[in-house]
Amino acid sequence: MGPYSAVGSEGDPAAAAPYVRKALDLYSKLSAASPADAALEKGQLEAMAAWLHLQYRLSQLDEGQRAAQELIAETARLDPSMAATVEAQRYLSTAYLELGLIQMASPGGNGAVGSHRKAVEALVGHMPAACAPTRPCRSNWPMRSANWW
180 MGPYSAVGSE
190 GDPAAAAPYV
200 RKALDLYSKL
210 SAASPADAAL
220 EKGQLEAMAA
230 WLHLQYRLSQ
240 LDEGQRAAQE
250 LIAETARLDP
260 SMAATVEAQR
270 YLSTAYLELG
280 LIQMASPGGN
290 GAVGSHRKAV
300 EALVGHMPAA
310 CAPTRPCRSN
320 WPMRSANWW
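In terms of this note's numbering, the sequence shown has 242 at position 63, counting the first letter as 1, and numbering is strictly consecutive.
Please keep in mind that the hints were generated in silico from the structure rather than gathered at the bench.
In this text the structure is predicted, and so the values were computed from the model without any measurement.
There could be a bad hint or two in this list.
Claimed, not checked - Restraint-style ranges between C-beta atoms, simulated for each label pair:
(1) GLY287 <-> GLN248: 14 to 20 Å
(2) LEU240 <-> GLU300: 21 to 27 Å
(3) ARG245 <-> GLY288: 16 to 22 Å
(4) PRO286 <-> GLU266: 32 to 38 Å
(5) GLN239 <-> PRO214: 27 to 33 Å
(6) ALA217 <-> SER285: 18 to 24 Å
(7) GLN248 <-> PRO214: 18 to 24 Å
(8) SER213 <-> ASP191: 31 to 37 Å
(9) ALA263 <-> SER213: 17 to 23 Å
Said to hold, decoys possible - Under the rule of at most 25 Å between Cα atoms (straight-line distance), these lysine-lysine pairs were calculated in the BS3-like manner:
(10) LYS201 <-> LYS221
(11) LYS221 <-> LYS208
(12) LYS297 <-> LYS221
Every residue, glycine too, gets a C-beta built ideally from N, C-alpha and C.
All chains should be built: construct the whole structure from the sequences, respecting the hints.
In structure tokens, the structure reads:
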């Protein structure tokens, strides 16, 4: 399931935060020491996404924006083979989705729609062929068509 599970922390994200931070620090160190290890890289991405989500839940908007930019940068740093192995596009989409939520919660809401579009584009660009934009989706994909927006 990864380094963090939301089960049990729904009512107390503040209590979960130190443990998620420890997981993030641990996976970051291990991944840096073994950059070819896909399991460690995926663990790092998972921990980064969990940390980002907690920042939104804790209304730590500045830290949330920084965490989103770090997750975006980490996905961009990966070579294509590693990115495919660890499903980097999913984490990129998560980063933009959470960033959009943080931007929406910030005064003025600047950039929220653009970030949410980037979240969709990250997934649509890597959607299964059965969900091509010109045909109805025939998978378990939650949106029934790639042209849903």
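Hint-by-hint comparison with the structure:
Between GLY287 and GLN248 the CB atoms are about 19 Å apart, so this pair conforms to the stated range of 14 to 20 Å. The hinted range of 21 to 27 Å is satisfied by LEU240 and GLU300, whose Cβ atoms lie roughly 23 Å apart. For the hinted restraint 16 to 22 Å between ARG245 and GLY288, the CB-CB distance of approximately 18 Å keeps it satisfied. Between PRO286 and GLU266 the beta carbons are some 34 Å apart, a value that agrees with the proposed interval 32 to 38 Å.
GLN239 and PRO214 have their C-beta atoms about 29 Å apart, which keeps the hinted 27 to 33 Å range intact. A C-beta distance of roughly 35 Å is found between ALA217 and SER285, which places it outside the suggested range of 18 to 24 Å. Between GLN248 and PRO214 the Cβ separation comes to about 21 Å, which falls inside the hinted range of 18 to 24 Å. Between SER213 and ASP191 the CB atoms are about 33 Å apart, so this pair conforms to the stated range of 31 to 37 Å.
Here the CB-CB span from ALA263 to SER213 is close to 18 Å, well matched to the stated 17 to 23 Å. Pair hint LYS201 plus LYS221 holds up; C-alpha atoms about 16 Å apart against a cutoff of 25 Å. For the given pair, LYS221 sits about 13 Å from LYS208 by alpha-carbon distance, which is consistent with the 25 Å threshold. With a C-alpha separation of about 21 Å, the suggested pairing of LYS297 with LYS221 holds against the 25 Å cut-off.
Hint 6 from the list above is the single one not met by this structure.
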